[in-house]
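Chains as they are written, first to last, in our numbering: chain A, 247 to 398; chain B, 90 to 357; chain C, -4 to 658.
Since the hints were derived computationally from the structure, they do not count as laboratory data.
One or more of the hints may lead you astray.
[To be verified] Result set (DMTMM-like, lysine to aspartate or glutamate): computed pairs, CA atoms no more than 25 Å apart in a straight line:
1) K331(C) - D427(C)
2) K620(C) - E178(B)
3) K36(C) - E70(C)
4) K379(A) - D105(C)
5) K379(A) - E242(B)
6) K226(B) - D339(A)
7) K352(B) - E363(A)
8) K392(C) - D497(C)
9) K620(C) - D341(B)
10) K159(B) - D606(C)
11) K468(C) - D372(C)
12) K413(C) - E374(C)
13) K253(A) - E371(A)
14) K415(C) - D185(C)
15) K352(B) - E649(C)
16) K227(B) - D339(A)
17) K379(A) - E178(B)
18) K360(A) - E101(C)
19) K352(B) - D510(C)
20) K253(A) - D344(A)
21) K506(C) - D351(B)
22) K159(B) - D611(C)
23) K249(B) - E649(C)
[Stated by the list, open to error] Derived DEER-like restraints, expressed as beta-carbon distance ranges:
24) V30(C) - A278(B): 29 to 35 Å
25) Q367(A) - S129(C): 38 to 44 Å
26) Q54(C) - A278(B): 35 to 41 Å
27) D339(A) - E256(C): 39 to 45 Å
28) Q235(B) - F385(A): 24 to 30 Å
29) Y341(C) - A219(B): 57 to 63 Å
[To be verified] Some chain C residues well away from chain A (every beta-carbon gap over 12 Å; in silico):
30) E25
31) P202
32) N221
33) Q246
34) L261
35) P270
36) D282
37) K293
38) I317
39) N577
40) D605
We put the beta carbon where it would ideally sit given N, CA and C, even for glycine.
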Amino acid sequence: MSEFEPKIIAFVCNWCTYAGADLTGTSRIKYSSNVRIIRLPCTGRIDFMLILQAFGQGADGIIVSGCHPGDCHYTAGNYHARRRWMLFRRLMDFVGVDLRRVHFSWVSAAEGAKWAELVNQVVDEVRTLGPYKAFPQRFHENGFPVQLTVAN
Amino acid sequence: MEQLQQMARELLERQQVQVIIGYEAGSEANRRRAVFVRRAEDVSRLIFDDACRQNLATYLLKPEVLVLGKIGMVVRRNTLRSLMQYAVENQLADERVIAIGIGEEGGPRLLPNFAAVEEYLAQLPRGPSAAEKAELKKMEQLVMEQRWAFWREEFDRCIKCYACRAACPLCYCNRCITEVNQPQWIPVASDALGNLEWNVIRAMHLAGRCIGCGSCADACPQGIRIDLLNGLLAREAQQQFAAEPGYGQRKDYALAVFKPDDKEEFIR
Amino acid sequence: MARIGVFICHCGENIGSTVDCAAVAKAAGELPGVVHSVDYKYMCSDPGQSMIKDAIRTQKLTGVVVGACSPRMHEPTFRRACNEAGLNPFLCEMANLREHCSWVHEKLPDTTAKAIDLVRILVEKVKRNKPLSSIKVPVTKRALVLGGGIAGIQAALDIAGAGHEVVLVERSPSIGGHMAQLSETFPTLDCSQCILTPRMVEVAQHPNITLYTYSELESLEGFIGNFKATIRKRARGVDEKLCTGCGVCTQKCPNKKIPSEFNEHLGTRPAIYVPFPQAVPNKPVIDRDRCTYYSKGKCQVCAKMCPTKAIRYDQEDELITIDIGAVVAATGFTIKGTDFFPEYGYGQYPNVITGLQFERLASASGPTLGVIRRPSDNEIPENVVFIACAGSRDSAKRLSYCSKICCMYTAKHAMLYKHKVHEGRAHVFYMDIRAGGKMYDEFVRRAIEEDQVNYIRGRVSRVFERNGKMIVKGVDTLLNGQSIEIEADLVVLATAMTAQPDAEATAQRMKISYDADHFLSEAHPKLRPVEMNTAGIFVAGACQAPKDIPETVAQASAAASKVVGLFSRSELAREPVVATVNRTAPPLFSTCVGCFLCETACPYQAIERDDIRGRDGQLIRQVAKVNQGVCQGCGTCVALCRSKAIDLQGFTNEQVFAELLAV
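Given these sequences and hints, build the entire structure.
Encoded structure:
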């Protein structure tokens, strides 16, 4: 079997990190191709439920990234998001979700190099951790919903 | 107890309220259940002791209860905190309920409006009990895999009956997230992912709002320790944001306000 | 049933050399719902766009995905193309195959696989897109200009001249700003007041301009085209309608020894005063902190003397709320005082002054009537040392920027001194001479060559007193760093230009951004130099960065033309990416439970309460409603809403969820 390649899902805001990742491209900085970006207007829009969904969808690692404090295009969306993550992280940790697979960062529209570095770091870290088999999945590999477990 | 019954009788006789919601003896010696007393001669059914645990506030948002008229309610600390949270969340008009405060601080005492409730609550001790704190600590001392195994086992028992939701005073949404199907965030069936999501999402929806009555865990037929999840988030919200839901009428829901210098050591 | 068209762009070699575009198009063609999938060299070219338009028409497409560059680059282009072919522009999405794929990955099968994933994600999204139409917001054609210096005056006159109403707010008692304090202006040496005061009068007399002096912006709410400004009109203590500006009160005021702000504390003024003779409006104010009546309860000389009985000791601040469509921030600058410099005596030496104080000494209307006299003993100085870059370009003083105007005004000062004191000697210590501008370098050369100002390239380490003389100790770097001492009668510091001390608070009040030095940040340093990031707010003058008069005036006119451009329409069209609260059948009317926790989370106060009433008018429920004119579409409320009663158009839960399931 070939080496395990992790699946990374990134939720990013449109104004800073998405633009930062655009700059990575314009600067032709190469990084790992394992990441799939989902663009949202603001980190404030990133529902904590999306993180659970992403793991349930087979993600091995997750990146959540937006504007640095003070830089939010909508003035305060990232501050609200930060509070949400502060609590949600504690909860995930408490129920035993592997926090080494969830990364929060601020990447500005000027930080193209930081974006590449972040993705590479997360991919490397998650590659060492291996696939996130422990997390229950929404679908089987054949695309059908997983078998129902009958509660005892 | 006599004092409580006397107070209830007077409220009904003077027509200050049309119904008193309180506790009466249950089917077994150590069980209590809710009772709706509408006639003065029935006040002798009202009792109060440590076994009266149910949070009666849940009744206050039900249309079929609201039509009964003005309500008198026998309330413990946690029920009072629910009333305050209803005030914050625009769910209950002031003076809709005359609360009869009883419990840790003795009583009974008539609390006719939110301001009186707030004043009364200000005198009561706050925060989780030592036992609750110790239980959280004990869980946190486990390693990640052990915590994961513990909760997988807990959630595996969930049958998605939503008794927790029904018992919770703050689960009053018209449409619960579990019933939202466009998109279907939480799988309908009681499967591993669905159970995990349901319990975790519910805990997050109560973060910064939960008043810690423990009714959800009491109601769970499978004995799942949902109260631990709520307790953890209540502690975190208190420690990180000084959130103490249910003690005042100010709109300061921890997840809808922020400070520019909230701690962020986990963000790269 | 969805009929999606997929268009994969090679972007010449940019995508095509790394990603197998044909394979992507083929794979996309097999996705459920995709009825048309092609690749082409340049999708954004005319033929490329025609391919999309033709396919929309012939294939009756219900959605389009263009796999090309970043949507931040060409989304408007392709959405326009769709619109031209009769497809709602919001049914078009872009997969970012260039910036996020071909440019950042090697030519490997994984890269093409990623490209296919990116397209599939957007195909799943676009299937759930809804046609949206842009939101129309009305425009109030009235501008607020904040600051009555030359920037504000120019902007106000330009906007008013184009036929729109202007409200000009100035916080000091008169408009004019720093320019009114200047003696002569570089490089023409024409008298500052001679060119400024006619414009000030024009402002006062313009039928379209409402002038509020001695007033400040209390709050600014709303959004482009629809601001609500509240102005605090501070109590002057004088009824402006009755006052004729005769000046008797200022002459009779017994308390005359107050340092004059206008004269940079080199002269005095009374407690009831007009800052300078040509002030607009020419109506005095009472300085309540200094007036004897307010401190001791006695005096009232001015009230007794006033021929029109216009004095009002009990006058109170007035709050005025005005509807505004656009704002020009022209709040100006300040300079560092001499007390900022320990090495130049911490402001202890009376004969060490700032450039602005020198302007007052040189001004014909100044405290010395234009004769250069040193403050300590009113003697005419024989040796004057000018020190450029006092504070500027000094990161140790946390002022790393260049104040830009000092090189020029220092040359001007030296020249003016030489013109007034023919036998005097002028020395200038400088780091570099930055004299870029029309006739600017010629001007500096004239100072050096014709007026024989002694330019010394080097820094001054210390100014101190010896035997009653000021000693300026510095180095001459052109003489191998030889240290030199000059005995000076007067030292003039070209102190750094800084943001107003309350610039941060002002910016926060207007919800606009500012930089580390508290200068206002324009939306784009090159392409949007007079716009703020907050739509509808523009910037002019030195509140944005240090600049001289011609630049300030140019920027003010630019800001004014932006405002006039905005006012040329009676309605604005806005992107419909806004939140909405759902409405359902009775008895619920909405799945919103009315907890209004979203209210405090919204950064724009866009959440309103909607009373749902029965036919009898009785309140049934109260649910949230989004003011679509105010909402900016961040979606914070959407993530917060427990029952998902709020959704964000263009990024709905269904769309995002579908994207996630397609990864």
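To see whether the hints hold, each was checked on the structure:
For the hint pairing K331(C) with D427(C), the CA-to-CA distance comes to about 20 Å; that is within 25 Å, so the pair holds. The straight-line distance between the Cα atoms of K620(C) and E178(B) is roughly 16 Å, inside the 25 Å bound, and the hint therefore holds. The hinted pair formed by K36(C) and E70(C) meets the criterion: a straight-line CA distance of about 18 Å does not exceed 25 Å. Between the alpha carbons of K379(A) and D105(C) the distance comes to roughly 22 Å, so the proposed pair stays at or under 25 Å and holds.
With a C-alpha separation of about 16 Å, the suggested pairing of K379(A) with E242(B) holds against the 25 Å cut-off. Note on K226(B) and D339(A): the hinted pairing holds, with a Cα-Cα distance of about 13 Å set against a maximum of 25 Å. Between K352(B) and E363(A) the alpha-carbon distance is near 23 Å, which keeps this suggested pair within the 25 Å criterion. With a C-alpha separation of about 19 Å, the suggested pairing of K392(C) with D497(C) holds against the 25 Å cut-off.
A C-alpha spacing of about 20 Å is found between K620(C) and D341(B), which places the hinted pair at or below 25 Å, so the restraint holds. As the CA atoms of K159(B) and D606(C) are separated by approximately 23 Å, the hinted pair is consistent with the 25 Å bound. A C-alpha spacing of about 23 Å is found between K468(C) and D372(C), which places the hinted pair at or below 25 Å, so the restraint holds. Proximity of K413(C) to E374(C) is assessed by CA-CA distance (about 16 Å); at most 25 Å being required, the pair is judged to hold.
For the given pair, K253(A) sits about 12 Å from E371(A) by alpha-carbon distance, which is consistent with the 25 Å threshold. About 15 Å separates the Cα atoms of K415(C) and D185(C), which keeps this hinted pair within 25 Å; it holds. For the hint linking K352(B) to E649(C), the alpha-carbon distance of about 32 Å lies beyond 25 Å, and the restraint is violated. Distance check on the hinted pair: K227(B) and D339(A) sit about 14 Å apart at the alpha-carbon level, within 25 Å; holds.
A distance of roughly 40 Å separates the Cα atoms of K379(A) and E178(B); the hinted pair therefore is violated under the 25 Å criterion. At most 25 Å may separate the alpha-carbon atoms for a hinted pair to count; K360(A) and E101(C) meet this at roughly 19 Å. A threshold of 25 Å between alpha carbons decides the hint, and for K352(B) with D510(C) the separation of about 23 Å falls inside it, so the pair holds. Simply put, K253(A) and D344(A) have alpha-carbon atoms about 15 Å apart, close enough for the 25 Å limit, and the pair holds.
Distance hint between K506(C) and D351(B) is fulfilled; the C-alpha atoms sit about 20 Å from each other, no more than 25 Å. At most 25 Å may separate the alpha-carbon atoms for a hinted pair to count; K159(B) and D611(C) meet this at roughly 23 Å. For a cut-off of 25 Å, the pair hint linking K249(B) to E649(C) stands: about 24 Å separates their Cα positions. A C-beta distance of roughly 34 Å is found between V30(C) and A278(B), which places it inside the suggested range of 29 to 35 Å.
A hinted range of 38 to 44 Å for the beta carbons of Q367(A) and S129(C) is consistent with their spacing of about 41 Å. For Q54(C) paired with A278(B), a C-beta distance near 39 Å keeps the hint of 35 to 41 Å intact. Distance hint for D339(A) and E256(C): a CB-CB separation of about 59 Å, inconsistent with the stated range 39 to 45 Å. Between Q235(B) and F385(A), the C-beta spacing of about 28 Å keeps the proposed range 24 to 30 Å intact.
Take Y341(C) and A219(B): their Cβ atoms lie about 59 Å apart, and the range 57 to 63 Å holds. Listed as a non-interface residue, E25(C) keeps its Cβ farther than 12 Å from every Cβ of chain A; the least gap is roughly 14 Å. No beta-carbon of chain A comes within 12 Å of the beta-carbon of P202(C); the shortest separation is about 37 Å. For N221(C), the shortest C-beta to C-beta distance to chain A comes to about 18 Å, beyond the 12 Å cut-off, and the non-interface label holds.
For Q246(C), the requirement that its beta carbon stay farther than 12 Å from each beta carbon of chain A is met, with the minimum near 51 Å. No beta-carbon of chain A is positioned within 12 Å of the beta-carbon of L261(C); the least distance is around 41 Å. Interface exclusion of P270(C) from chain A stands, the closest Cβ pair being 37 Å apart, more than 12 Å. Distance check for D282(C) against chain A: the nearest CB is about 38 Å away, which clears 12 Å, and the non-interface claim stands.
Every CB of chain A lies more than 12 Å from the CB of K293(C), the least distance being 51 Å, so the non-interface label holds. No Cβ of chain A comes within 12 Å of the Cβ of I317(C); the nearest lies about 24 Å off, and the non-interface call holds. With 12 Å as the threshold on Cβ separation, the claim that N577(C) sits away from chain A holds: the shortest Cβ distance comes to roughly 16 Å. The beta carbon of D605(C) sits about 23 Å from the closest Cβ of chain A, which is more than 12 Å, so the claim that it is off the interface holds.
Going down the numbered hints, you'll see the structure goes against 15, 17 and 27, while the others check out.
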